[in-house]
Every structure is written in C-alpha cells, then in structure tokens.
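Undergrad: Reconstruct the complex from the two isolated chains, following the hints.
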Amino acid sequence: MKILVAVKRVIDYNVQIRVKEDGTGVVTDNVKMSTNPPDDNAIEEAVKIKEAGKATEVVAVSVGEEKAQETVRKALAVGADRGILVKADGVIEPLAVSKILQKVVEKEKPDLVFMGKQAIDDDCNQTGQMLAALLNWPQATFASKIEVKDKSLEVTREIDEGLETIEVNVPAIVTCDLRLNEPRYASLPNIMKAKKKPIEQITASDLGVDTKPRIEQIKVEEPPKRKAGIKVASVEELVQKLKNEAKVI
Amino acid sequence: MSVLLIAEHNNKEFKPFTLNAISAASQINEDVHVLILGSNSDSVAKSISEVPNVKKVIHVNNSLYENYLAENYTSAVIKIAGNYSHIVCSANTFGKNLMPRIAALLDISQVSDITKVISEDTFLRPIYAGNAFATVKSTDKIKCVTIRPTSFDPAPTSGGSAEITNGEPGDASEVSKFLKKEEIKSDRPELGTARVVVSGGRGMQSGENFKLITAVADKLNAAIGASRAAVDAGYITNDHQVGQTGKVVVPDLYIAVGISGAIQHLAGMKESKVIVAINKDGEAPIFSIADYGLEADLFEALPKFLEELNKLNTIQK
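So the sequences go chain by chain: A and B.
Heads up: the first sequence is residues 1 to 249, going by my numbering.
Heads up: the second sequence is residues 1001 to 1317, going by my numbering.
Bound-form chain B, shown alone (with noise of 0.2 Å):
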C-alpha cells in the first residue's frame, strides 16, 4: 500500500504547506507518492524530489494544469488512484475544493482536516471548530483525508532523490475556465498562518481605534484580527475574523484586546501557543484561557505596551 499526496505550488515551487501534508503522509505509510499536476513545473518536480520523506514523484507536465481547476486536477488523480491506499492533501482552500470531487467518483466517504494519524485507518479530526475531538475510522477500500497542515511539522527539503516519473494528463473541463488571480499583496503576514496575531474586539469601540491594533501588530510582524462582535459593529473587514464562523488560527502568540471571549471566538484561538488577553473586566472569560493576563484600559495599556517593545532591542520576526 502507498500513500497519493496531491502537491499544491505555482508551476515554480511547491507551497510551504506541502511539507506539512507530506509528514502526515509519511506517518500513515512511509511509501509515500507525490503528484504534480503543472505546467513548465520542472523545478517543482525536482524540490519535491529532494524531500527525503517522497519516494516517487509523478510529474504531469501539460498545458492544461497552468492554473488550477478543480475539474481538471480530478480527472488526472482517478486515473491512478487506484494504485493507492490512500489519497491525501492539505485542508487549506487548495485541497478542501479539491479532495470531496476525487472521494466522491471513487465512492468513498472523505475523511476531513486531520489533525493526528492514529493508524492507516483512524484519525483524530476537531468538529464544531476545535469544541470537540472526534476519533473516527475509515471503513472504504481507498482513504481519502486532508490534512490540517498546521498539526504537522514540515518534511526536511534535502537530502531525497526520489525517482520522477512522468505521468499522465486527465480530461479538460469544458464546463468550467480560470479567469484570474488577486494575491493580497500585504507586508503583513496572512492571518491563517501568521506566527503572532493581534486581535481586537468590541472593546475597541471603533474602526479608528485599530490604529492602536495595527501600531503593536506592525512592531511584531504580525496579522490583525478580529471577534465577531467587531466585524458585526463594522470596525473591520469580515476577512479578519477569527473564530468559529471565521477563520481558525494556531499562532505562537494571540493578543486579544477589548475581547471578552465569546464561545464562537475562542473556538477559533484557543489552540494557540501562548494567549495574552488585556481587557479592562476582570471578570471577561477570555481570562480564563489566557496565559498572561493584563487587567487595564486598552487605551491605555496598548500605547504602553508598544513603548515597551520599541525598548526591547531585538524582537522575533
């Protein structure tokens, strides 16, 4: 039995959170395939060959996989996944439109944003945004699983010389066509995957008051986010939002200001590193999961605390 991983790149380099997919991989079997749909991907195929936890990479080189279609990218994986014990790829937007197309040609009941492998056929995966841990069995022939990839710590880049194979292209999809591609273009890290969060909630009071948010989060390189109480009041953007019907995040650090930890919003923080939440209610229940604890007026402790870290010498990026 061999495990399919499906990398995710852009035709040059692989995305970081392949590596992640490739460790979970590696864990269910140590046969660990990998293939690239692209075109002109010749340096994908060769980074990912170098990864000492890949032992074969399937390099599909063809016009048709310049942008990524989900329609596309399906015909060319049932193709062969019949060799397969497992199919598997990350639970990032790439693999969760991509995974339930392939499971349901193959009949087969997906298996969703892993976050441990237990054995070949059983999984830890969170359900109602990390509120409860559900430990669950694959009964089909063929698992197919995504893998939540910050569960997982990268695959080394050096060292493999795994075998490139070239494999073949699936049908093009007649009924759906790529138009184009916005990238945030941002100095400041992506919220889902930034290694500090700063947050705001309603205590901020208004949208001008995130100035003070953006001030702390421009010294830590970090990424602005937002309870659901401060979107709906119309402070910020609902694509900062962070919880249960936002995103989920597992930075090293979260700061919550003016949040008084609403369940929704702890479902999708409390699986952080380290939490500091500065609120002026001693009694607000996001004290209750936070490791450092400030009591203060935000308006108050946030200038100060950006004053105390332009006096620290160096700070971590």
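The shape of chain A in the complex, shown without the other chains (with noise of 0.2 Å):
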C-alpha cells in the first residue's frame, strides 16, 4: 500500500499575527514558517503504518512557494520515502490545491491520501473532503484513529457530540485531527539522511490546472480590540463585578 500526505507550510503556531498596514493579508516577511500542525500528525500516521508493515511508500507532497520544499524536507527527515512539490505562486484556493492533488494522485497511484484536517492560516477546512469529490472517493475527515483493514479503514472521527466511527474502501482520503498521534521530532541523523532523499519538482500549469482565485480578498484588517479591563484587588471584588456589573453568574 502506498500513502500520500499532503503538507503545507504556514506561519508557526507561536508567531504573533500581524495584518499589513494596506489591509492586502498578513505580514509573511521574516516570519517562522512550519508544518501545518496537523499535517505533522498526517505524516506520522504514515509513517506509523509504514513502520507497522502495512505501507510500502510514503510521498509526502505540497503545493506551493519554492521554500515549501523545506515543509517536504521535514516530512522526510520524520520517515516519508520521497517528497513532490508542486511549485505556484500566489494565492492558492483549496479548490485549486484538490485539482493539483488529483492530478498528483493520478500519476501516483496512492491507495491512501492523508492530510491535515485544516490548515491554520485560512482555516478553510476544505481541501481533503474536495479532493475525495474529485477523485470520487470516500472521505474520512477529522480522524482520531485509523485502523487498517484488509481492503479498508475503520476511521473514529471527532465530532461534535463525541466520536464517530465509519468504515471507508480503499482507496481513500483521510483528514487528521490532532488527536490522532503524537508527531515525532526528527533526529540529526535523519535529518541529514532525508537531504539525500529525492525531491521531484513541478509546477501547477505542467499539471494543466488552472489556479487562477474564484475568491476576491476585499481586505484583511485587525480583529476588534478588547478595551483594557480592570484588576480587582480580591476573589470577593471578583465574584461582586461578575455579579453585579458583568452580569454574567
């Protein structure tokens, strides 16, 4: 069995947001970029199911700007076999990201596609599930555990009331939540193992997609401040404002 992961590069969880001062996105300059945190968890999952003889190969795959490379090294450097990245400039749509992803499974031939249940820059939640549609396979989205049949997956997936568990023919898409492993970090000497790893480049128009926005961004601004609160000098003075002024208990 072969796995495809599909990770993209973000601002780090830890960087303090900042929008521009013309209101056209968010400062990217200078800026930590990593993994997509729950793209980590996609690619230990993999990696896992490689480990546990039930995989062959794991691609690790992205679409992106030139340094999303360093996103495929990572994926490398934690267990994935080989990496592709599908180089496009500019915003990419998950619309447009799904195409490129079919086209990359089409050539690939994976029997799985794993990937982040969301990205945490555009927090759109939509590419997996779009790419199950294209592709018009079943979709596991949210995962918190997989297990790995015969010629299926029993996928429990985080949902609102709790836990639910379906079953999904292979081949497949599944989305990870964060719950569903504990990213490993990777060691200097398979960091340095995964620079010799190949990493094969292509762009989205080589795919034939087109990757042209349907969405127009208008403008990005600040959320709205919070007016500065006050310091209560006791838990009495507390409980009284919460009651009395905040109405709220």
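Since no wrong hints were added, every one of them can be taken at face value.
Away from chain A, derived, C-beta distances all over 12 Å, residues of chain B:
id	residue
1	S1002
2	S1023
3	S1043
4	S1049
5	S1063
6	L1064
7	K1079
8	Y1084
9	T1157
10	G1159
11	G1167
12	N1209
13	A1215
Below, a list of computed lysine-lysine pairs in the BS3-like style, where the Cα atoms sit at most 27 Å apart:
id	chain 1	residue 1	chain 2	residue 2
14	B	K1311	A	K243
15	A	K219	B	K1247
16	B	K1180	A	K48
17	A	K151	B	K1180
18	B	K1177	A	K151
19	B	K1116	A	K219
20	B	K1079	B	K1055
21	B	K1181	A	K151
22	B	K1116	B	K1055
23	B	K1280	A	K247
24	B	K1012	B	K1056
25	B	K1015	B	K1180
26	B	K1141	A	K219
27	A	K241	B	K1311
28	A	K107	A	K149
29	A	K149	B	K1180
30	A	K145	B	K1015
31	A	K243	B	K1211
32	B	K1137	B	K1079
33	A	K197	A	K87
34	A	K225	B	K1280
35	B	K1280	A	K243
36	B	K1211	A	K231
37	A	K149	B	K1177
38	A	K212	B	K1137
39	A	K241	B	K1211
40	A	K20	A	K219
Think of the hints as simulated: they come from the structure by calculation, not from any bench.
Backbone N, C-alpha and C fix where the C-beta goes; we use that ideal spot for every residue, glycine too.
TA: Take a look at the structure:
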C-alpha cells in the first residue's frame, strides 16, 4: 500500500499574526514558517502504518512557493520516502490545491491520501473533502484513530457530539485531527539522511491546473480590540463584579 | 434567487445550530429553502416548517439517510443545486465535512466559516484563528458558504408554516459505511457551546490540581478548558484544548486560571464576552485582554472563589 501525504507550509502557530497596513493580507516576510500542525499528525500516521508493515511507501507532497520545499524536507526527515513539490505562487485556493492533488494522485496512484483536517492560516477546512469529491473516493475527516483493514479503513472521527466510527473502502482520503497521534521529532541523523532523499519539482501549469482565485479578497483587518479591563483586589470583589456589573453569574 | 440550507438533525429533531444557520441564510436572501435528508424524519420537517424565516421545506425521507454520510448527502444536494444561488450550512463538524464535497463537484470555491453577511456575494470571515478578519467576495455562479453558528442569533422556532415538499434521494455510496456513534454522555456542557468555560494552564502544576477547576466548573455549570501548555504537560487530555490548534470558544464568561496567555491560546478565546484572568504573575499577557484580572495565587484564589460562589443565592445556568 502506498500513502500520499499532503503538507502545507504556514506561519508557525507561535507567531503573533500581524496584518499589513494596506489591508492586503498578513505579514509573512521574516516570519517563522512551519508545517501546518495537523499535517504533522498526517505524516506521523503514515509513517507509523509503514513501520507496522502495512504500507510500502510514503510520499510527501506540498503545493506552494519554492520554500515549501523545506516543509517537504521535514516530512522526509520524519520518515517519508520521497517528496513532490508542486510550485505555484500567490493565493492558491483549496479548490485549486485539490485539483493539483487530483493530478498528482492520478500519476502516483496511492491507495490512501492523508492530510491535516485544516490549515491554521486560511482556516478553510476544505482540501481533503474536495479531493475526495474530485476523485470520487470516500472521505474520513477529522480522524482521531485509524485502523487499517484488508481493503478498507475503520476510522474514528471527532465530531461535535463525541466520536463517530465509519468504514471507508480503499482508496480513500483521511483528514487528521490533532488527537490522532503524537508527531515525532526528527533526529539529527534522519535530518541528514533526508537531505539525500529525492524531491521532484513540478509546476501547477505542468499539470494543467488553473489556479486563478475565484474568491476576491477585498481586505484583511485586525480583529476588533478588546478594551482594557480592570484589576480587582480580591476574590470577593471579583464575584461582586461578575454578579452585579457583568451579570454573567 | 433562493438559498438552500442543509439541515443537521438526528431524525427526531433538528440540531440547535440549524436555527443560527437559518438566520444567516435569511440575511443572504429571504427565500430560504431547507433540505432535510432523513429517515422517518417527519417530525424534523414539521418543526423546520414552523420557523418563520423558512419559505419551503424539501424533505427526502429515505432509509439511506438513517445516518449521516457526506457521500450520500452530497449526491442528493447536487441534484437540486442548480435551482439555487447559495448553498449554506453550519460550519461545525457536520457542515465542514459536507460542504467542500458539494462545492468541488460544482466546481465552486467555497467560503468557509463566515461571521457576517455583507452582501449576497461578500462575507466576513476570521482567518488565523481569528487573529485577522478577511472580507471576501465570491465570484462563482453559485455560492457555497458555511456559517459560524455562534456569530448569528438563532431564528425563532414558531409562527411559520412553510410548505413541505418531498424530494428525491441521491445515490447510495458503496464505498463508505456508518458503523457507530458514541455521544459523550456528560452532565457538563460541551466546550464549543458552553455558556461558561473555566480553563487551567501550566500554573495548575499537575493534573490532580485540575480538581480545583472542576469544582468551580461544577458550580457554574461550565465546560472545562485548558491551554496547550497544560495539555503538553499531560495535566489534561487535548480534547479540552482551547486555542489556535484546539477549539475556538465564545462563551459569555471565560475564566483563565494559571494561563499566561500565549498567542495561540488567546486566538481561541478572546472573542468571549467577559474574560476573567487569575494569575500570580501581574505581567502575564492574559491580563491585557481580561475584563477582570485578579493577581493572586490560584491555589488560594480558587477555593475562595468557590466559597464566594456558594454564598450567592442564585447562579445563572
């Protein structure tokens, strides 16, 4: 079984987001970038399945600018066998990403495609489901447990009411929740080894995918600022304020 | 032009967030049609038809929809999508799972998780977990939109009498199968929708100490949250995590205890109506967004807080 894992390069989750003064987006220059956190869970799961002898190859793919190569390289350092970078500049909407991944899947013919449930930059939560639709494959979103069966997967999903378990036939798309596993850190020897692993580079236009955005971003603003609060001197005063001033208890 | 809203329900009653989605839908256009894909779900169709904002109910009653599978739902929606200018549903795990599958088959770029309707094609949505807000305009012929339920008031539940029509089922998926659902049976409200959330951070020092949080949460009928630091330290499981990589919460009252206020945590709770911070470090960033800050040792303040709450005659539930 072959697993393709899609990874995205995003602003690191510990960075304070700053909106550009001209309202065209957020500041990304000289900002620390990392792998989208749930994509780390997706890579980890694929590598674990391979280590358990149930998969033969793990291929990491990213769509984005040249620098997204670092994100692919990081996936290689934690156990992916080889990488693919589909170069595309500017805003690439999830619909376009899923069309690009569809082409990659048609070429690579994986049995499973894993990715994070959501990217922490645009917060869209679309790509996995869209790719499943385009391929006419089943989807198991927000996975917190994956059991590999003979020709299917049993997937436990995190839903608002609790947990849901579904069975999807292979080939399938799985989007991963943070609860799925604990991503490992790359060891130094593995980081060195990853430098020798191949990363194939192609472009979105090589694949014949039109990446022109369909959604016009009119402006990006700072969220409304909270007005400064007060410090209370004692627990009694706090309870008093909550009861009589804020009226929330 | 009309708006098609896909209802979330359990075949007996609709889920409360459906009402919030209906009210957002009617801000887009008044001609709101609600699609109910269910099995023995007449009671759902009837109660939706009584919502005054709803102009028409399309009820597909078929055993195929005994349980929710995105594959089965999508096929039914696609059959009627061409009659609508907008297809909408809640941006919760139901709608997040479903809408992109519909949008991709219609070749539409979806607008996710809107918090405001600006016009029929322009919406406001948070990005970077609410650290920025984007105003976006969809240029597609049909707009596929998911709605953040907590940003819209629920529609009224009575006074309407929309026509109920029977709709056609879609194709059955042969590649996916529902097996089981385990609903978390808890007396405690769910973190994502609770009116009050009490959260602990690294300052709690141990998992054992979270019982101080639990006691206050019990008293206030609150959900229990945690910072990523507390989760990483193993004090509590990560389904309690509030923040950019956890849950985004907007309760009426958020009490942050022993939480310094890392950016990633603030992203998940700063839209709360009233924020209380209890921390012994007076310089902790959490105080800069708290409405009420108490600079104190939490191990003294929490028992005292509970004691004071116990003195109150009534506590809002």
